[in-house]
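Chemist: Now for the letters of each chain:
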Amino acid sequence: MSERIQDTTLPPLVKFISISVWFIPLILALTNPDLIDFPTWASITISGIAMGCLIFLMAVGLTIIFGLMDVLNFAHGIFFTIGAFVSWKLFNTLLLDWVVATSFWINVAAIILALIASALVNMVVGILMEKFIIRQTYGDHLKQILITMGVGIVVVELVRIFGSPETEIFITPAWFTGSFEIGDVLILRYQVFSIVMGFLFLFLIQWFLNRTKIGLIVRAGVENPNMIKAMGYNLNKVFTGVFAAGAVLAGIGGLVGAGYSEAVNASMGDQNLIFAFVVVVIGGPGSAKGSIIGAILVGLSFNYMAYFSPQLASASLVVLMMAILMLKPSGLFPQK
Amino acid sequence: MKSDPILSLKNVQTYVDRHHILQGINFEVKPGRVTTLLGRNGAGKSSTLKTIMGLYPAQEGNIIFSGEEIRGQEPYEVAKKGVGFVPEDQAIFYHLTVEENMTLAMLDNNPETQNRREKTLELFPDLKKYWKSKGGVLSGGQRQMLAIARAMVNDNKLLLIDEPSKGLAPILTEAIIDAFNEIKKTETIILVEQNFHMATSCGDDYHIIDDGHVVNSGLIDDLENNEELKHKFLGIG
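Read top to bottom, the protein sequences are chains A and C.
So for the first sequence, the numbering used here puts the first residue at -13; every next one is plus one.
So for the second sequence, the numbering used here puts the first residue at 5; every next one is plus one.
Partial list, computed: chain C residues near chain A (C-beta under 8 Å): (1) MET57; (2) ALA83; (3) PHE89; (4) TYR98; (5) LEU108; (6) LEU111.
Because the hints were derived from the structure by calculation, they are not lab data.
These numbers were taken from a predicted model, which means no experiment stands behind them.
Where is the CB? At the ideal position from N, CA and C, for every residue including glycine.
Pulled out of the complex, with its shape left as it was, chain A reads as follows (with noise of 0.2 Å):
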C-alpha cells in the first residue's frame, strides 16, 4: 500500500487530540458545574463551531492555493477584508432598508446581494493579483512571502483610504441578531448563519472537486502539477480561477466575518489570516476536509480557552498545533 495513502489515517493519538478538545470541556461540564454547566459549555461549543465555520471560509482557498500552485501568499487576509467592507458599504448605503427590515426573506436578500456584489469584486482583484503578481513568483516561497506582505501592507491602506480609517459598525440584518432556546442553551440566529454558511459551502466545493472535471485537474494539480500539464492541461488557466475562487471565499468570510463582529476595519483580513495559517497547518496543505476539521477545532479550542482563561485563548492554537504536528508532521489530510 502506498505510504501516501497511510499518510491520510489518523494516528489514534491524533484522533485522541482531535476529540478531546471538546469532549474534556462536556466532562467537565457534567462532572462539575461549578466550572462550567452544561448550558454554558453548549453554547460555547456553538460559538467554536461558528468561529471554525467563519475561519474554513478563509483557510480554505488559502490551503488549496498552497496545496495546487505551491504559493504563499500572506495577502490573503484582504480579500477578507474587501468582502467585509463592500458589504458594510452596501448594507449603510443601497441595501440600508433591507437590512433593517425584520423580515427574514429580506434579510436574506440583502445578504445575497451583498455575496453577489463582494464575490465580483474580489474575483476581479483576484486574477488581477494572481496574473500580475503571483505569477512572477511561482517556485520561489522567499518572493512570495515578501511580495505578498508588500501587496497586503498596500491594500490595507488602501483600504483605510477608501474604506475607513476607524472601526465601523457593520449592521448585522436584523433578523439574525435575535437569538432563541433550546432547553436553558441559549444559541444565536447568527451563529446558525455562520455554520449554515460554511457547511453550504464546503458541501459546494467538496461536490466541485469530486463531480467536475476541472476539480478533478484540481485535486490531481495539488498532487503532481507537472503531470497535469504533460496529460494536456493549461494549468496556468486552473491556477488563475482557483486564485480568484479563493479570493471569492475568503470574501464571503469577510462578510460572515463582519456580521459575527459587528464590526469592520481595515486590518480584520491580517487578523483572521494567522488562523487560517494555523488550520491549513493542522488539516494538511491542499485539503479542503482538512480545512473543516481544523477549523472546527481551532474555532473550538480557542472558544473554551477563552472561557476558562482568556489570555491563554491564542496559545492553545499554538499548543493545539504543535501536538497535531508532532503527532502527524503532514497535518490531518495531506493531499500530497
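With chain A fixed as given, assemble chain C onto it according to the hints.
Modeler: Chain C alone, transformed into the frame defined by chain A:
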C-alpha cells in the same frame, strides 16, 4: 520505401539548473516503430523525453514533431498535438480512483475515446477490477499499467515511455511487452529502457545516449549481436 520521420531532434541542448544535461542530441524517429533510447544511468535518456515533452525547456536546437517545431512549447501544447507521456515514476494520482485517473487522461470525452478506453482496459483487466480503488492502493505493476493505459486513451501519434519495467516482476514485464506490441500497431513509441531483454523484445531501432550525446544508432537486431558496443555503453557482457 523511406518514410518521413515523425520526430527529429537536431542539436538539442538542455540545461537543468546549471547542469548541461543534453549536449547536442540528434536523432530521428520513424513512424510506426518502437525506438529505444539506451544508455547508463544519468546519460540523459529521461531528460531527452522530458525535453521533447517541454517539461525541461531546451535552450538550443530543433525538435520537429510531425513537421512542426515544438521546442519552446508548453507541455500541455505538446500533449495536445498528440504526444503521450509515461514518466519513470509513473506519476499516477494516488488520491484519485483508477476511474478518475482514466477520466482525467481523456482529453475529449467522445464515443471514440470511450471506445479506446474500453480496448485499453481489455489489455489491462486488473484496472477494471480496481476501477473504484484509489491509485495509491495499487501494486507497482498495476500502477505501471494505469500509467500506460492513461497515455493510450487519447488518439496520440507518439508515446514517450520511461523505464516501464523498472521494479517489476518478470511476469509483469512480459505483460507490458505484449501491450507494447499491441500499441505499436497504431502508434509510434519512444522507449527508455535499462532492461535489455525488454528493449530487444519490442524495440525496432535504438539510439545509445552517453553523457548527453547520441553515440550510436541503428537497428536493435544488429545491437543484439554487437558485444563490444553492449559492453562499452550498456555495461552488458
